[in-house]
Structure formats: C-alpha cells, structure tokens
Amino acid sequence: MEKNVVCIPKCRFLESTNCVGMCTNLCKIPTQRFIKDSLGMPINMVPNFEDMSCEMIFGQHPPADDPTLSNLASGHHA
204 MEKNVVCIPK CRFLESTNCV GMCTNLCKIP TQRFIKDSLG MPINMVPNFE DMSCEMIFGQ
264 HPPADDPTLS NLASGHHA
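Those letters in the sequence shown? Residues 204 to 281, by this note's numbering.
A portion of the hints provided could be inaccurate.
Said to hold, decoys possible - Per label pair, the in silico range of CB-to-CB distance: (1) 270 x 207: 20 to 28 Å; (2) 210 x 264: 13 to 21 Å; (3) 206 x 270: 12 to 20 Å; (4) 268 x 228: 14 to 22 Å; (5) 258 x 221: 15 to 23 Å; (6) 229 x 209: 17 to 25 Å; (7) 243 x 221: 30 to 38 Å; (8) 272 x 211: 18 to 26 Å; (9) 243 x 218: 26 to 34 Å; (10) 258 x 229: 12 to 20 Å; (11) 238 x 272: 14 to 22 Å; (12) 243 x 213: 28 to 36 Å; (13) 211 x 245: 15 to 23 Å; (14) 243 x 219: 27 to 35 Å.
Just so you know, the hints here were simulated from the structure itself, not pulled from any lab data. Yeah, the Cβ is synthetic: ideal placement off N, Cα and C, and Gly gets one too.
Construct the complete structure from the given sequences, taking the supplied hints into account.
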C-alpha cells in the first residue's frame, strides 16, 4: 500500500492544550481508529511536541512500540 503524508505545521489542538495525554487520548488514537474503521486505511499520526506539528502518514499502521505512548507513560508534557 502506498504511503501518503499530510504535514500539519502547527496543530491547533496540541498548541492549545500543550499536553501529551490530551493529544494522544483525544486526538491521535480516536482519529487513527476513525480513519481505519471508516475508510479501511491504516494511519499513523506522529505528533512533534517540540514544534507543535503533526504528520499523518496514511497507509502506515501505528507502531506497537509507539513513542507517543512512551511519552504519555512518562508523564511528559509538551
């Protein structure tokens, strides 16, 4: 399957919440699930907590060892 990437230079959600947990639980995971369930296409969302950007990689499954979830477990805030 071909991978297409959509780059979001400044994520308004991440910028306004400044919180890894909210980004992950209220945006990243639900959006990945919605697109997979609705369109039948895997998507991996890769937020960058340093510059508040996000990449949406269509056609790529989220990794089992997702670094975003590691940041969440460590209590990291953006």
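Here is what the structure says about each hint:
no.: 1; hint: 270 x 207: 20 to 28 Å; verdict: 21 Å, holds
no.: 2; hint: 210 x 264: 13 to 21 Å; verdict: 19 Å, holds
no.: 3; hint: 206 x 270: 12 to 20 Å; verdict: 18 Å, holds
no.: 4; hint: 268 x 228: 14 to 22 Å; verdict: 18 Å, holds
no.: 5; hint: 258 x 221: 15 to 23 Å; verdict: 19 Å, holds
no.: 6; hint: 229 x 209: 17 to 25 Å; verdict: 19 Å, holds
no.: 7; hint: 243 x 221: 30 to 38 Å; verdict: 33 Å, holds
no.: 8; hint: 272 x 211: 18 to 26 Å; verdict: 20 Å, holds
no.: 9; hint: 243 x 218: 26 to 34 Å; verdict: 31 Å, holds
no.: 10; hint: 258 x 229: 12 to 20 Å; verdict: 18 Å, holds
no.: 11; hint: 238 x 272: 14 to 22 Å; verdict: 18 Å, holds
no.: 12; hint: 243 x 213: 28 to 36 Å; verdict: 29 Å, holds
no.: 13; hint: 211 x 245: 15 to 23 Å; verdict: 18 Å, holds
no.: 14; hint: 243 x 219: 27 to 35 Å; verdict: 31 Å, holds
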